[in-house]
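Asks: Heads up: the sequence lines are chains A and B, in that order. All the letters of the first sequence, read from the start, carry residue numbers 1 to 587 under UniProt numbering. All the letters of the second sequence, read from the start, carry residue numbers 1 to 587 under UniProt numbering.
Simulated from the structure, these hints should not be mistaken for lab results. Beta carbons are placed, not taken as given, at the ideal position from N, Cα and C, and that holds for glycine. Incorrect hints may have been included.
[Claimed, not checked] Here are the simulated lysine to any residue pairs, SDA-like style, with alpha carbons at most 25 Å apart:
1. A:Lys502 / B:Pro46
2. B:Lys49 / A:Asn487
3. A:Lys547 / B:Gln506
4. B:Lys72 / A:Gly116
5. A:Lys502 / B:Lys302
6. A:Lys302 / B:Ala115
7. B:Lys502 / A:Lys310
8. B:Lys310 / A:Lys310
9. A:Lys521 / B:Ser531
10. A:Lys302 / B:Ile315
11. A:Lys49 / B:Lys310
12. B:Lys302 / A:Arg176
13. A:Lys502 / B:Ser531
14. B:Lys205 / A:Gly116
15. B:Lys547 / A:Pro511
16. A:Lys521 / B:Lys205
17. A:Lys547 / B:Asn515
18. A:Lys310 / B:Ser359
19. A:Lys473 / B:Glu500
[Unchecked claim] Some chain A residues near chain B, calculated using beta-carbon distances under 10 Å:
20. Gly23
21. Pro31
22. Ser80
23. Ala84
24. Asp114
25. Val329
26. Thr333
27. Asp513
28. Ala520
29. Leu522
One-letter residues, chain by chain:
Number of protein chains: 2
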Amino acid sequence: MSSNRENLTLYNAHFIDGLVRAGVESAVISPGSRSTPMALLLAEHPEIKVYIQVDERSAAFFALGLAKASGKPAALLCTSGTAAANYLPAVTEAKNARIPLIVMTSDRPHELRDAGAPQTIDQNRLYGTHVKWFAEMALPDAEESMLRYVRIAAAKAVHAAKQSPAGPVHLNFPFREPLLPDYDGVFDRLETEGLPSVYLGEGVKVLPPQEIQTMADRLKGKSRGIIVCGEQQSKGFEKAVVELAEKLGYPILADPLSGLRSGGVHSPVIIDSYDAFLRNESLKQQASFEVVLRFGAMPVSKALTQFISKHAAAIHCVIDSGGGWRDPVGAATHMLAADESSFCRALSSCLDQPREESSWLKSWIQVNQTARAAMRSIEEHEELDEGKLFYEVLKRLPDGSALFVGNSMPIRDLDSFFFEDERSIRLLANRGANGIDGLVSSALGAAAIVPPLYLIIGDLSFFHDLNGLLAAKLNDLNITIIVMNNNGGGIFSYLPQASEEKHFEQLFGTPADLNFAHAAKLYGAAYEKVSDLDSLDKSMAKAETAKGPLIIEAITDRAENVIVHRRLWEKVSREVSELTAGDQFWT
Amino acid sequence: MSSNRENLTLYNAHFIDGLVRAGVESAVISPGSRSTPMALLLAEHPEIKVYIQVDERSAAFFALGLAKASGKPAALLCTSGTAAANYLPAVTEAKNARIPLIVMTSDRPHELRDAGAPQTIDQNRLYGTHVKWFAEMALPDAEESMLRYVRIAAAKAVHAAKQSPAGPVHLNFPFREPLLPDYDGVFDRLETEGLPSVYLGEGVKVLPPQEIQTMADRLKGKSRGIIVCGEQQSKGFEKAVVELAEKLGYPILADPLSGLRSGGVHSPVIIDSYDAFLRNESLKQQASFEVVLRFGAMPVSKALTQFISKHAAAIHCVIDSGGGWRDPVGAATHMLAADESSFCRALSSCLDQPREESSWLKSWIQVNQTARAAMRSIEEHEELDEGKLFYEVLKRLPDGSALFVGNSMPIRDLDSFFFEDERSIRLLANRGANGIDGLVSSALGAAAIVPPLYLIIGDLSFFHDLNGLLAAKLNDLNITIIVMNNNGGGIFSYLPQASEEKHFEQLFGTPADLNFAHAAKLYGAAYEKVSDLDSLDKSMAKAETAKGPLIIEAITDRAENVIVHRRLWEKVSREVSELTAGDQFWT
């Protein structure tokens with residue numbers, strides 16, 4: 001019979017070996033006692049990169065960022081009790097955003113549960129419906145059958161987490177004291193012969209050819225169609241969808257997270273300023289469509305959502321390899337669980353040459369050019385308002401960099417001011433549940449994978465995950481964080497309650513009066529304050545060589561921000577109205 | 001039929017009126033859009049004190065602190081999505097620590113769920129087994145039957161949250177746009193006649209007299225008994241248990257959170273230094289007992305836990321009004337679901353005069369005095385080590401103040417150095433799940449109810465909930481925070497892995513090198529650094545008149561801290577060995 005220490009050591013070592021063989025390359029660990037065996041063995045494995053973050057909430061978002069940027073599952077480890085509960089926000093985001101996470105929580109053994117023992121909560125199915133798989137693991141045991149079991153459990157966890165739609169899985173490990181494994185050099189002496197090492201594969205969902213042909217035949221007769229692309233993860237999608245759009249003569253309304261506004265694919269069919277011009281009511285009437293093909297998550301633009309929802313199109317087709325029901329407007333006529341790229345290619349091959357002289361498509365391109373030019377007029381603003389600042393930062397991002405944006409205002413400003421671009425800039429955000437939490441950590445996790453990385457974030461959101469900055473220090477990471485500090489919740493100024501003075505500042509504006517120069521000092525970050533284009537130039541130049549975190553703070557104004565945005569939208573509206581006047585434009 | 005706005009206004013107003021009538025006096029709100037109707041109406045109610053905290057995790061711990069200090073349920077409100085997920089750590093703590101919370105989450109209406117809509121997660125039973133009651137609420141509706149329903153739901157929520165064992169309940173409110181209620185002055189015009197207003201009452205569990213008599217008869221023959229008291233909430237318990245102990249001739253081993261070491265009740269039977277002297281193995285053998293009566297949660301002392309678990313006592317009786325199974329050592333012979341105070345009084349009345357000349361009790365008192373004196377020798381230390389600092393801070397706490405302590409080291413130092421005291425000092429901690437999270441917020445919530453309040457906390461724990469400080473600023477609260485900064489996880493230096501150098505600092509020590517002077521500036525707190533008794537005197541004097549948060553930081557040393565504690569315990573051990581030498585001491 002094996003000794004307790006041997007059980008502890010081999011069981012956990014084989015689990016970790018199983019994770020590594022299944023493709024896990026990184027783990028984020030928060031300090032704790034109950035997790036000691038797994039923590040020491042993770043740190044010991046030569047092929048696992050270990051990151052440390054004390055705050056488990058931030059740790060989980062950091063792992064989310066690693067997995068999002070790498071496309072590979074990241075592991076998480078914490079001790080028992082509320083530590084595990086702190087993972088929930090990132091777990092829900094990962095579930096909704098389809099990010100693979102292997103969540104490992106350590107727990108008291110069974111005899112110490114529901115018995116008043118310290119640091120013990122019910123960790124069984126702690127994340128409820130928000131994980132794809134949960135397993136209550138066996139106690140450490142070095143019997144061969146149990147080593148087989150634990151290696152397979154690791155493979156199973158990764159297989160479940162990665163399969164489309166990807167997401168988090170949760171394994172709860174009971175550990176009994178003593179907790180110290182014989183870790184030193186264990187992976188050099190680990191005997192794996194005869195033990196399972198399972199190759200993991202996953203096919204893509206492809207519709208039967210006759211279904212594709214039927215769809216192609218129906219689309220041939222319909223010239224007034226649009227394609228809408230949100231965030232998606234299908235390989236080769238950008239090229240495939242542009243080819244399809246060109247053949248159909250349909251514009252692609254491309255969300256900033258679709259991957260279409262930047263990088264290798266360029267085409268005039270990519271429409272990037274729809275959020276501005278779809279606020280024009282008469283244009284929305286005139287541009288009524290018969291067909292919409294939708295790929296990926298719902299775009300951030302509310303104007304686009306309303307445009308889509310107001311039309312009872314003959315064909316409203318949602319294509320999702322993850323098989324989700326992505327139709328908040330309740331307008332879908334076809335719900336297709338199929339790989340997006342394969343679908344585009346298959347449909348393209350059923351179509352003839354590109355629809356000739358599509359005036360419909362030309363109209364969209366013209367409107368987009370007009371709207372984009374009007375939006376770009378922000379360049380002439382003398383004041384460094386929030387929109388202008390956003391625009392100027394975007395202009396200065398180096399080719400090959402990554403940009404993570406916060407929720408609430410930043411993602412909307414990105415939508416407004418990130419126009420189709422020659423540079424290859426990877427755009428990232430947490431749009432699973434759109435929380436304002438965990439963004440510093442998510443961005444830092446991504447920065448570990450795809451540097452150089454810039455984060456643009458509002459002050460409340462920055463405050464919410466200030467703790468995330470500790471990971472930069474503990475793990476030697478570089479990041480540039482541009483904080484748009486409008487002293488409170490800027491988005492509420494766009495909502496109906498903005499007209500209510502009573503209670504507004506207390507409940508919604510919540511001015512926190514935070515000077516982030518102090519936060520920078522606390523976490524050993526460099527700090528720059530930006531008040532004009534010169535200082536922005538200097539700060540952005542510093543960012544290119546900075547080591548560690550650099551915080552660039554810009555003070556903006558909530559009320560003015562609303563005015564500037566509304567004026568721009570009005571300008572767009574006027575100009576597209578002029579352009580599209582007359583009955584002939586959209587026909 | 002009622003208008004949408006009327007539905008929204010009256011439904012929520014009646015719910016809040018229901019909460020107030022059921023005894024809710026405070027609500028903690030985090031800004032959000034979906035929660036707008038409830039937020040505005042809470043702010044409008046004249047009898048609800050509204051507190052604001054942007055970070056929902058901190059907000060929930062703040063509410064926990066309010067409820068803990070006041071003994072009354074506190075309400076919580078947030079928007080949809082990850083915001084609600086951030087409540088889980090405090091919810092699990094509240095469940096385990098038996099603190100009543102009314103958790104209100106706002107949600108998308110049904111038609112926007114599982115449909116790719118933004119900021120939408122599955123909030124149904126989001127907190128799983130960690131709440132006492134969950135209700136998915138109906139959509140706002142002003143029909144009389146629905147106003148009856150919603151008023152009763154409020155009463156039901158409070159009734160469920162308050163009943164022993166108290167705990168959190170969760171109500172999920174779907175709200176459909178538009179979200180703006182007609183809030184202004186609504187409570188002046190609210191018609192409640194004919195609508196339910198339910199009085200809530202709860203009895204205490206009392207055992208049948210014959211069961212008490214049987215127990216009394218058995219105890220009469222057993223002179224070697226001990227009483228162990230942990231944190232409990234039974235009214236009048238302190239007096240009742242001391243009377244019982246005096247009658248039985250049993251010592252009371254009183255955890256610092258039992259309420260027995262400070263305040264109105266004083267008695268030599270109260271033993272406060274057992275954690276030190278129960279580390280002496282031969283003493284543990286000699287002091288073997290036949291009876292243990294346990295009340296409240298398990299004490300923090302591991303030495304005590306081991307002492308209890310090593311004895312197969314004839315009677316090991318756990319009395320808990322909450323009916324929990326508080327026996328991690330698996331030694332109970334009697335598990336009694338009964339009100340603690342009533343049980344003590346009933347048992348006392350079945351006993352005759354106090355056991356005369358109980359040499360057993362005298363021995364305990366003598367050992368305790370010896371151990372306490374040895375522990376107090378820390379006063380003579382010249383260096384301001386962690387234990388000495390703790391001791392000196394305790395000495396300087398004003399009568400009538402409250403002290404909140406962090407987990408890991410502070411609660412253990414409290415156990416070591418808070419001796420039975422004439423001053424009335426309310427001792428508080430989060431010992432439900434013993435997390436290092438949420439402590440700043442919990443203490444601030446308590447500070448709003450029972451000022452002046454002092455918090456003693458380690459650096460990692462302070463870091464974990466730095467965001468909590470924003471609540472002091474947004475809600476004008478006073479608190480003194482003493483940070484023991486030993487640059488990392490001090491408790492790990494007491495665990496077996498401390499002897500392992502490889503990976504230790506990375507995984508367990510985690511030195512974060514944080515200078516909290518910057519945190520103080522960020523949150524507008526006053527800041528003092530303490531390095532000797534003079535500066536401690538000055539800082540503690542400032543604390544008595546300070547407005548807003550005051551942070552007092554002391555730099556300590558992890559390694560030295562272990563040495564100092566071990567030396568003290570050895571001194572205690574030597575001195576009690578001398579005292580108890582010979583066969584006659586314990587007989």
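Asks: For each hint, tell me whether it holds in the structure or not.
Replies: Now the hints, each set against the structure:
1. A:Lys502 / B:Pro46: 14 Å, holds
2. B:Lys49 / A:Asn487: Since the Cα atoms of Lys49 (chain B) and Asn487 (chain A) sit roughly 24 Å apart, the hinted pair holds (cutoff 25 Å).
3. A:Lys547 / B:Gln506: Roughly 21 Å separates the two Cα atoms, so the pair holds.
4. B:Lys72 / A:Gly116: 23 Å, holds
5. A:Lys502 / B:Lys302: 53 Å, violated
6. A:Lys302 / B:Ala115: 15 Å, holds
7. B:Lys502 / A:Lys310: 63 Å, violated
8. B:Lys310 / A:Lys310: The hint is violated at about 73 Å.
9. A:Lys521 / B:Ser531: 22 Å, holds
10. A:Lys302 / B:Ile315: Status violated; Cα separation ~68 Å.
11. A:Lys49 / B:Lys310: Distance of about 43 Å is beyond 25 Å: violated.
12. B:Lys302 / A:Arg176: 16 Å, holds
13. A:Lys502 / B:Ser531: Between Lys502 (chain A) and Ser531 (chain B) the Cα gap is close to 47 Å, so the pair fails against 25 Å, i.e. violated.
14. B:Lys205 / A:Gly116: 20 Å, holds
15. B:Lys547 / A:Pro511: Holds - the C-alpha atoms of Pro511 (chain A) and Lys547 (chain B) are around 20 Å apart, at most 25 Å.
16. A:Lys521 / B:Lys205: 56 Å, violated
17. A:Lys547 / B:Asn515: 20 Å, holds
18. A:Lys310 / B:Ser359: 88 Å, violated
19. A:Lys473 / B:Glu500: Answer holds: Lys473 (chain A) to Glu500 (chain B) is near 24 Å, not above 25 Å.
20. Gly23: With a closest approach of 23 Å, the Gly23 (chain A) hint is violated.
21. Pro31: Since chain B brings a Cβ to about 5 Å from Pro31 (chain A), closer than 10 Å, the hint holds.
22. Ser80: Cβ of Ser80 (chain A) sits 8 Å from chain B, so the hint holds.
23. Ala84: Holds - the Cβ of Ala84 (chain A) comes within 10 Å of chain B, reaching about 9 Å at its closest.
24. Asp114: 6 Å, holds
25. Val329: Val329 (chain A) check passes; min Cβ-Cβ to chain B is 8 Å, inside 10 Å.
26. Thr333: 15 Å, violated
27. Asp513: Holds: closest Cβ of chain B sits about 7 Å from Asp513 (chain A), inside 10 Å.
28. Ala520: Hint holds; Ala520 (chain A) Cβ to chain B Cβ min 8 Å, cut 10 Å.
29. Leu522: 4 Å, holds
Violated hints, in rising order: 5, 7, 8, 10, 11, 13, 16, 18, 20 and 26; the structure is consistent with all others.
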